[in-house]
Structures are given as C-alpha cells and as structure tokens.
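Colleague: Sequence:
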Amino acid sequence: MAFAGTNVSLSQPDIMQKLTERIDDLKQRIAAWGKQIRRYTERSTRFNQNRHFQSDQKRLYKSLERPVVSGTGPVPDQADTVAFWRGLWSEPVNHNEGPWTEVVASQCASITPMDPVTITPDDVAEAVRRAPNWKIPVLNGLHHY
1 MAFAGTNVSL SQPDIMQKLT ERIDDLKQRI AAWGKQIRRY TERSTRFNQN RHFQSDQKRL
61 YKSLERPVVS GTGPVPDQAD TVAFWRGLWS EPVNHNEGPW TEVVASQCAS ITPMDPVTIT
121 PDDVAEAVRR APNWKIPVLN GLHHY
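Residue 145, in this note's numbering, is where the sequence shown stops; the numbers in between run on with no holes.
No lab work stands behind these hints, which were simulated from the structure alone.
Treat the hints with care, since some could be wrong.
As the list claims (entries may be wrong) - Straight-line alpha carbon distances no greater than 25 Å define the calculated SDA-like cross-link-like pairs of lysine to any residue that follow:
hint, residue 1, residue 2
1, K62, T41
2, K58, T45
3, K58, F47
4, K62, Q78
5, K62, S44
6, K62, K35
7, K35, D25
8, K62, A131
9, K35, I23
10, K58, R130
11, K58, S44
12, K27, P13
13, K27, Y40
14, K58, T72
15, K27, E42
16, K58, A125
17, K35, N50
18, K27, R39
19, K62, N50
20, K27, Q12
21, K58, V128
22, K18, Q28
23, K62, D77
24, K18, W33
25, K35, R46
26, K62, H52
27, K62, F84
28, K35, R22
29, K35, Q49
30, K62, T45
31, K27, I15
Take the sequences, apply the hints, and build the full model.
Modeller: In structure tokens form, the structure reads like this:
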C-alpha cells in the first residue's frame with residue numbers, strides 16, 4: 001500500500017485516476033469543513049450580538065461602530081499629510097452663489113423673527129428627569145449617541 005487507508009498502490013494501472021479522485025474528495029472535505037467553520041462563526045457572532053442586545057445595548061452599538069483595525073499599511077508621513085490638507089484648505093475659493101439666493105433672501109425678508117427662547121437648567125432637568133439613560137425619546141428605546 002502506497003497510501004495508508006486509501007486502497008491505492010503504485011502498481012495499479014489506473015493510479016492517476018484514483019489519485020485525482022482522492023484529491024477531489026479531500027478538496028471537497030476541506031471545503032465542507034470551511035463552510036462548517038464559517039457557519040459556526042456567524043452563528044456565534046449572532047448569538048453574542050443578541051445576548052449583548054438584551055443585556056448591554058450600549059456596548060453592542062459601540063462594538064458595531066468600531067472599525068476593524070488593520071494596521072497593515074505604512075503610516076503616512078506627517079509632513080505629507082499637512083502639505084496635502086494645507087493645499088486644499090488654505091486657498092480661497094469663490095463660489096457662484098447664483099440668482100436664486102437673492103430670490104430666497106427677498107422671500108424670507110417678510111417673515112417675522114421668532115421671539116428668543118430662554119432655556120433654564122430647571123427646564124432641562126424637568127425634561128430629562130423621567131428619561132432613561134442612553135435612550136432616545138421614542139417608543140423603540142434604542143440607544144442614541
């Protein structure tokens with residue numbers, strides 16, 4: 001036996017066909033294992049995200065917002081970065097405002113301005129007194145940052 005457990009020996013006339021079949025079989029097994037691992041990883045991720053959603057929504061949303069850090073590329077030179085942005089932001093730009101802005105300004109001139117509103121710390125305290133922490137004031141109660 002040339003290959004243990006395969007029932008293949010080098011003296012057989014159709015050795016290449018059997019080797020090709022064996023290689024294909026092993027490739028299919030490897031692909032199946034890869035799919036099983038991928039399904040397990042996705043299921044585990046879903047399970048953990050659901051658990052975090054039930055227990056600590058703030059941590060879940062922060063983990064979803066956090067970008068994946070690759071860190072494989074070279075670090076840009078600070079002088080090149082400063083030169084790039086200075087070239088963009090230090091030059092004055094004249095925008096074409098167009099005649100429509102004058103039309104809108106003349107239409108808005110007849111609108112009476114609103115009286116100034118004074119918000120005191122007591123007003124804010126009363127508004128947020130019954131609100132739960134890290135929740136937006138809608139029915140779904142999801143976190144808002």
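Colleague: Hint by hint, say whether it matches the structure.
Modeller: Consistency of the hints with the structure:
With a C-alpha separation of about 20 Å, the suggested pair K62 and T41 falls inside the 25 Å cut-off, and the hint holds. Distance restraint check for K58 and T45: the Cα-Cα separation of roughly 17 Å lies within the 25 Å cut-off, and the hinted pair is therefore satisfied. With a CA separation close to 17 Å, the supplied pair K58 and F47 stays within the 25 Å bound. Distance hint between K62 and Q78 is unfulfilled; the C-alpha atoms sit about 29 Å from each other, more than 25 Å.
Of the supplied pair hints, the one linking K62 and S44 holds, its CA atoms being roughly 18 Å apart against a limit of 25 Å. With a CA separation close to 29 Å, the supplied pair K62 and K35 exceeds the 25 Å bound. The suggested pairing of K35 with D25 holds, with an alpha-carbon distance near 15 Å, which does not exceed 25 Å. At roughly 21 Å between alpha-carbon atoms, K62 and A131 fall within 25 Å of each other, so this suggested pair holds.
Our distance criterion of 25 Å between C-alpha atoms is met by K35 and I23, whose separation comes to about 18 Å. With a C-alpha separation of about 19 Å, the suggested pair K58 and R130 falls inside the 25 Å cut-off, and the hint holds. Restraint check for K58 and S44: satisfied, since their Cα atoms lie roughly 20 Å apart, inside the 25 Å limit. The straight-line distance between the Cα atoms of K27 and P13 is roughly 24 Å, inside the 25 Å bound, and the hint therefore holds.
About 20 Å separates the Cα atoms of K27 and Y40, which keeps this hinted pair within 25 Å; it holds. Annotation: proposed proximity of K58 to T72 is violated, straight-line Cα distance about 29 Å (limit 25 Å). For a cut-off of 25 Å, the pair hint linking K27 to E42 stands: about 23 Å separates their Cα positions. Of the pairs offered as hints, the one joining K58 and A125 holds, with about 23 Å between alpha carbons and a cut-off of 25 Å not exceeded.
Distance restraint check for K35 and N50: the Cα-Cα separation of roughly 22 Å lies within the 25 Å cut-off, and the hinted pair is therefore satisfied. This hinted pair checks out: K27 and R39 have alpha carbons roughly 18 Å apart, not beyond 25 Å. Taken as a hint, the K62 and N50 pair is honoured in the structure, with Cα atoms around 14 Å apart against an allowance of 25 Å. Taking the CA atoms of K27 and Q12, the gap is about 23 Å. The hint holds against a cut of 25 Å.
Our distance criterion of 25 Å between C-alpha atoms is met by K58 and V128, whose separation comes to about 19 Å. Distance check on the hinted pair: K18 and Q28 sit about 15 Å apart at the alpha-carbon level, within 25 Å; holds. Under the criterion of a C-alpha separation no larger than 25 Å, the hint pairing K62 with D77 is inconsistent with the structure, at around 30 Å. For a cut-off of 25 Å, the pair hint linking K18 to W33 stands: about 23 Å separates their Cα positions.
The suggested pairing of K35 with R46 holds, with an alpha-carbon distance near 16 Å, which does not exceed 25 Å. Among the hinted pairs, K62 with H52 is consistent with the structure: their alpha-carbon atoms are about 11 Å apart, no more than 25 Å. Between K62 and F84 the alpha-carbon distance is near 31 Å, which puts this suggested pair outside the 25 Å criterion. With a C-alpha separation of about 20 Å, the suggested pairing of K35 with R22 holds against the 25 Å cut-off.
As the CA atoms of K35 and Q49 are separated by approximately 21 Å, the hinted pair is consistent with the 25 Å bound. Annotation: proposed proximity of K62 to T45 holds, straight-line Cα distance about 15 Å (limit 25 Å). For the given pair, K27 sits about 18 Å from I15 by alpha-carbon distance, which is consistent with the 25 Å threshold.
Figure legend: structure checked against the earlier numbered hints; hints not met, in rising order: 4, 6, 14, 23 and 27.
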